[in-house]
Each structure stands twice: as C-alpha cells, then as structure tokens.
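Let the hints inform the model, and build the full structure from the sequences given.
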Amino acid sequence: MKKITALVLALIIAALTLGLAGCGAKTDDTANETEAERTSFTMGIDPEYPPFSYLGDDGEYTGFDVEVCKAVCDYLGWEFKVFAVNWDEKLVQLDSEECDCVWSGMTILDSMKDAGYIISRPYFDNEQVLLVKDDSEYKSSADLAGKDVAVQLGTSGEALLSGDLSDLAKTFGNIVTANSFTSCFTELAGNAVDAVFVDAPVAQDYVANNEGFRIIDEDFGAEQYGIAFRSGDADLCARVEAAIDAIIENGTYAAIVEKYPDIAGNLLLTK
Amino acid sequence: MSIMKMSDIQKSFGSNHVLKGISFSVDKGEVVSIIGPSGSGKSTLLRCATFLETIDSGIISYDDKDVTKNVNGKCVYAKNLNDFRHIFGLVFQNFNLFPHYSVLKNMMDAPVSIMKRDKREVREECMMLLEKMGLADKADAYPCELSGGQQQRVSIVRALAMNPEILFFDEPTSALDPELTGEVLKVIKQLAKEKMTMVIVTHEMAFARAVSDKVIFMSGGVIVEQGAPEEVFGNTRSERMKQFLQNYNRD
Amino acid sequence: MTLMTMALKMASGLEKTCAIFFLTLLFALPLGMVVALMRGSKYKVISGAASFIISVLRGTPLMLQLIAVTYGPYYLFGISVSRNKLIPVVVAFSINYAAYFAEIYRSGIESMPVGQYEAAQVLGYSRVQTFFKIIFPQVIRRILPSMTNEIVTLVKDTSMAFTVSYQEMFTIGKQIANSETSFIPFVVAGVFYYVFNAAVSFIMRRVEKAMSYYKI
Numbered sequence: 001m002k003k004i005t006a007l008v009l010a011l012i013i014a015a016l017t018l019g020l021a022g023c024g025a026k027t028d029d030t031a032n033e034t035e036a037e038r039t040s041f042t043m044g045i046d047p048e049y050p051p052f053s054y055l056g057d058d059g060e061y062t063g064f065d066v067e068v069c070k071a072v073c074d075y076l077g078w079e080f081k082v083f084a085v086n087w088d089e090k091l092v093q094l095d096s097e098e099c100d101c102v103w104s105g106m107t108i109l110d111s112m113k114d115a116g117y118i119i120s121r122p123y124f125d126n127e128q129v130l131l132v133k134d135d136s137e138y139k140s141s142a143d144l145a146g147k148d149v150a151v152q153l154g155t156s157g158e159a160l161l162s163g164d165l166s167d168l169a170k171t172f173g174n175i176v177t178a179n180s181f182t183s184c185f186t187e188l189a190g191n192a193v194d195a196v197f198v199d200a201p202v203a204q205d206y207v208a209n210n211e212g213f214r215i216i217d218e219d220f221g222a223e224q225y226g227i228a229f230r231s232g233d234a235d236l237c238a239r240v241e242a243a244i245d246a247i248i249e250n251g252t253y254a255a256i257v258e259k260y261p262d263i264a265g266n267l268l269l270t271k
Numbered sequence: 001m002s003i004m005k006m007s008d009i010q011k012s013f014g015s016n017h018v019l020k021g022i023s024f025s026v027d028k029g030e031v032v033s034i035i036g037p038s039g040s041g042k043s044t045l046l047r048c049a050t051f052l053e054t055i056d057s058g059i060i061s062y063d064d065k066d067v068t069k070n071v072n073g074k075c076v077y078a079k080n081l082n083d084f085r086h087i088f089g090l091v092f093q094n095f096n097l098f099p100h101y102s103v104l105k106n107m108m109d110a111p112v113s114i115m116k117r118d119k120r121e122v123r124e125e126c127m128m129l130l131e132k133m134g135l136a137d138k139a140d141a142y143p144c145e146l147s148g149g150q151q152q153r154v155s156i157v158r159a160l161a162m163n164p165e166i167l168f169f170d171e172p173t174s175a176l177d178p179e180l181t182g183e184v185l186k187v188i189k190q191l192a193k194e195k196m197t198m199v200i201v202t203h204e205m206a207f208a209r210a211v212s213d214k215v216i217f218m219s220g221g222v223i224v225e226q227g228a229p230e231e232v233f234g235n236t237r238s239e240r241m242k243q244f245l246q247n248y249n250r251d
Numbered sequence: 001m002t003l004m005t006m007a008l009k010m011a012s013g014l015e016k017t018c019a020i021f022f023l024t025l026l027f028a029l030p031l032g033m034v035v036a037l038m039r040g041s042k043y044k045v046i047s048g049a050a051s052f053i054i055s056v057l058r059g060t061p062l063m064l065q066l067i068a069v070t071y072g073p074y075y076l077f078g079i080s081v082s083r084n085k086l087i088p089v090v091v092a093f094s095i096n097y098a099a100y101f102a103e104i105y106r107s108g109i110e111s112m113p114v115g116q117y118e119a120a121q122v123l124g125y126s127r128v129q130t131f132f133k134i135i136f137p138q139v140i141r142r143i144l145p146s147m148t149n150e151i152v153t154l155v156k157d158t159s160m161a162f163t164v165s166y167q168e169m170f171t172i173g174k175q176i177a178n179s180e181t182s183f184i185p186f187v188v189a190g191v192f193y194y195v196f197n198a199a200v201s202f203i204m205r206r207v208e209k210a211m212s213y214y215k216i
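Line by line, the protein sequences give chains G, X and W. If you use the numbering used here, the first sequence corresponds to residues 1 to 271, in order. If you use the numbering used here, the second sequence corresponds to residues 1 to 251, in order. If you use the numbering used here, the third sequence corresponds to residues 1 to 216, in order.
Source of the hints: derived by calculation from the structure; they are not laboratory data. Incorrect hints may have been included.
[What the hints assert, rightly or not] Restraint ranges, calculated between C-beta atoms of paired labels, are given here:
1. Ser113(X) <-> Pro113(W): 13 to 23 Å
2. Tyr213(W) <-> Val92(G): 48 to 58 Å
3. Ser25(X) <-> Tyr213(W): 36 to 46 Å
4. Ala136(X) <-> Val195(W): 46 to 56 Å
[Said to hold, decoys possible] Here are a few chain W residues that face chain X, going by a calculated C-beta distance under 7 Å:
5. Gly115
6. Glu118
7. Ala119
8. Val122
9. Leu123
10. Gly124
11. Ile134
12. Gln138
13. Ala210
14. Tyr214
15. Lys215
16. Ile216
In this text, all values refer to a predicted model and were calculated from it rather than measured experimentally. We put the CB at the ideal spot given by N, CA and C, even for glycine.
The structure is reproduced here in structure tokens:
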C-alpha cells in the first residue's frame, strides 16, 4: 500500500514538475520573441457584436473588425487567429495573453489608458442610442422614466449609465445588465424591458435585420472605437496601425467598408 | 370454536410451488407450533395467514368469517382486510420495530392513531404490559438502545397492545444470540400459561414440545404430521420427520 | 469605491440570492418527493415519464434550463418574458433541483428494509399512513448528508441566475468589478458564498444531530 502511495505521489510530482517546466518554457518563448519574429496574431472579439464581430452564416467569425484584422494579418504575413473573449473580462484576458489585442467595436475609455493599456488611434465615431419597439410610444429618454432598460455588462453603455449618465439612469425603473447583446435584444423582444441602451452601429444593424424596432436618436455624448494592446506592446500597435495605413492605401480597406454601408459614415480612417 | 382456519391453501412463487394444499385450524387458547426443515413453507404459511403474501387458492377464515373466497377459480380477498388484521398480531424474526419511535410510541401509535382509541387508556395498558415484561424502565428508550432479546420482547408487547385474539410468531428467536433466546421463550411460555392463542414457527424443538398443544410438522409444502406434542415427538410415524429430528439432534 | 460601499452594494443583491435559494427549497423539496413517488409508481407510464423527466433535467445544464424557462415561452409561443425574473428563475431552479432531490429521496426510500412496511401493514397502517409515519421520517434521516451536499451546491448555483440577467449578488459583483476594473468584488462574492454555506452547513449539522437520537 505504502509503495503504491509513494508511486502515485512520485507521478503527481513528476507531472507537476513537467507541467511547470512546460509553462516556464512557454512564457520564456513569448518573452524572447521579438516583434520582428511574430508569426501569428490573435484578435480578441466579442462574438455577439454585429456588424463588427459576430459568427457568420458559415460558422466562421466575421464582421468589419474581423475582416480588417484579417487583411492586416495577410499584409504582414501573420497567421490570423480569433479568440472570443468574455466582454466584461476582456482586459484580464488580454493581460493573460489569451489574445494579442481587443479589437471588437471597443469604446476607448480613459480608464484603459490610465491602466497603462496601449490604445490605437480611434477608427470609428460611436454614440449610444436607445433601441425600442416600433409600436411603443417612447420618443426620448424622458419617456422612459420608470421603465426598464437593458444594457450589456462591460460595455461603454453600462459604464456611461453608472458614470456620466447616472442621473439619467436614476430616472429609469430598472437597469437590467445582461451578459450579451443577444440577451439584451431578447429581453426587449420578449417585453421584459422597454429599451436597450446600446452602441449605435449595433442598434442600426439590429433594426436593419429585424422587424418591429426603432432607434431613439438622442445625443448621449460621443465616443470612439479603438484597439487595445497590452502595456508593453507599443511596437505591435505601431505595426498594426502602419499595416492599416497600407491596406487603406492599396484599396483593401475600402473594399471591406463597401460591405458595411451602415457604418461607413462614421468611420474615421479613410484615404 | 376456531379462531383461525385455513383450508387447502395453495401458493406458488413463479414455478416454485411452496404450499401444496395446507389445511389446519387453531382453536381459542390453543398453542400451535409449526416445525420443519428450512424451505418447507412454514414462514410462507405464516405470511399468508397474516396477508403479507396472497394465496393462489384456498380459504382463510378468522372467527368463522371467510377472508378469501373462490370466484370462478380465482381467489378473491375481502375488501375489509384491516378489520381482519385487528384480530391477529405478528412477531417477526427481525423484530421490525420502528427505530424512530420510543418503545412506548412503538406500542401506542397503532392503537391510538389507527384504531382511534383513547390515548390515556392505551398508555395505561401499554405501561402495564411493559411492567409485566419487566421493561417498564425502557418505555422511553429507543430500539437501538436495547439488546436483541429486549427488542424482541418489545415487539411482542407491541403486538399485544393491539389486543389480538391470536398471535403469530415467525421464528422469534432465530435472529438472537443463544444466550438471549431464553428471555423471549420465557415470555411466550408466560403467554401460553395465560391461554393466549398462538401459532409459533420455530426451530426450538424442546420449546415447541414443552409449550404446544399441537405440533405441525411441514415438509415440501405439505403437512406431514400433526397432533399433540407427545404423539408427534414421542411416536413419530413418518420417515421424513424421523430424519429431520435425527439431523436436529445431531446439531 | 471603498470596500465597504462595494460590500453594501453587493449585499443589496444578496436579498435576491436568498430569494432564489429559499423559494427553490420551498418548491423543490416537496416537488422532488412527488417525482420520486411517481418514479416508484407501479404504472409503467407514470414511472417511465418520471424517469425520463429526471434524466433530461439531470442530463442538461442548469444554465440551459434557465434560458429555456425564461425565454422559451417567448420564442415558442410569443408569450412576453416575465418582468419579474424571479419567477422564471425560481421555476427553473425548482424543477432542476426537484430532479436531483427526487433521486436522493428514491435512494432513501429504496434503502428502507421491507420489514418496516410489513410491520406497519400487520399493525393496520394504511399505505399513506405507513409512508408518512413510518417510512418518510426514516428516509429523511438517511438522506440528510446527501441533502446537505445538494443544498450547498444550490447556494453556489444561485449565481447562475446571471445568465438570464437577474440582478442577484454575483451579477452586481460583476458590474462593480467591471466599472472599477477590480478583482475585489469577486473576493467579496466568494466571502458571501462561503459565509452563506457555512451557515447552511451549521444548520444542517444541527438538524442531523437533532435527528440522531436513534440509530438505523
């Protein structure tokens, strides 16, 4: 019996040692890898964020951001990879190297810069809107006093409601935080809430593809989308930005933009 | 007058024909012992008499009222079985006391909550019974706190608390250590002295001989011999019983 | 945000966490018994249906059942999603836990020696009386340890109500964690669950002790 116990212990220790050694080796590799030697690039996306990033009909991730990133990788000769993050954990997942950037209709927040993340130059002008049902009588945020509003956890919309727009938020009945926009929209469609507070392009995309919804146009303050990198990856950010410039120059970018007419008006990077 | 009567009882478990036409009766005040090798059908007979098993055919009657009747070759039981159940009591080999009830509650619960008798009256009766059995100090104890012999005595008084006209015992000492069987047998002897009607399935030959008015020897699902103990034990006629007694004495 | 305000804010969601917990127990404990008895029914249709329901509820994730109960009626029949999320959440939790409780009850009922039924029958107890007076109290005693396990799991599972946007403690914790870019709310949540479960374990131990006046 003792022998067996000893053997099992030895095996466990061996496994742990090997495992740790393996981890160590991996970390070293990444640290030693200079940007020039990069062979692959993993973008972190919210997989339920059309039209910027979502699961396409063919079962592959697609969307405006995904296509641009893919073009960037093609241009730089990197292997293109996608990693679906948990949106309210996105920065933690970025730090733990599950992805090399967060690039998915991400609103640039001052708190990100303060925390040391490298943020690319903005590429999209965004605003928050309220999405309501077409047959409802709501015409402005004031009409929603005492009504229930859904917002996605971890989005700039949620940050706004608990920050700059907290006075407005207080007039709402309940603020329901859902863990994806799909949930938010289901709540609205199923009459569980009266409105969804959401990024304009996502709302526009939803209205375009689903009947019975409309957008309340109201200025809740402007914000912009950018790409987030880890604090030490300024070089990587620069290379990606340069590559974007290059694909703008060679027309690839414009070809992608053509596929997304709804958002074209708010794009900042054009020839 | 017979308290219980069985005529031509047949019982099979699947293809296993266990009781092959058993007939016997028990008169008031009579003590009947049923003996025989294991697998002879003794316990099944008792379980049929107490409705724990249903018979395939034959007539069971208590107090001259039929419990079963033959309808188109099928054995049909009376609807009011519970009225008949109050006529008899059964003491199990494994006691089957209710472990979550105290000794007193084990005895009182059925008379009070099933027969709706007055609680104080039942309590007095039960305490008297316990007193008689020398178990008065165990009234509030739980079965797990008692020895096997004490548990079996409690299960006897639990049956007596229902004031049965006849008491069945299914190998009441088989689950006990040899040194504990004495106290249980003593109680049964005491009951016999008080003219309690009893049917006892047992392996204790000396006891059966001493206590019984009638001994039934069963083998292979039939009654091979029955009669007064002196007759059955002293003047054994059948080969099967002779052999059984020889084996028994050798042990 | 100080640790204190964080904890207070999360405690406001604790009320909803407790509501899920207690209401689920209230409904799932008796419902589980009904399912267990159905499962033990001599009618093949009833016992077959019961074991099928149990296998589906135990064989699919609670999270899926939450979504199905909350949004299913809307997608299938166009019935509005309930504004009071507590209702679908408690319904989903109750049926899921009833399935687990049913299996525990069943194992307890099956472990009862047949002699208990026979003794009761000979003494004239009806089937219903036998069950409630003789069998059930002993079954409870036998299954308490596995019940405790299941109830402790329930405390932790309440956090899954987050899937259908029910604003219980863990959801609020995630909101704070997100707006404050802080890990602390998760630590606070962990402490809440731990303390809750410590209380549950304490109470269950007391109950077990209170019932251990007899040995089986």
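Which of the numbered hints above does this structure break?
13
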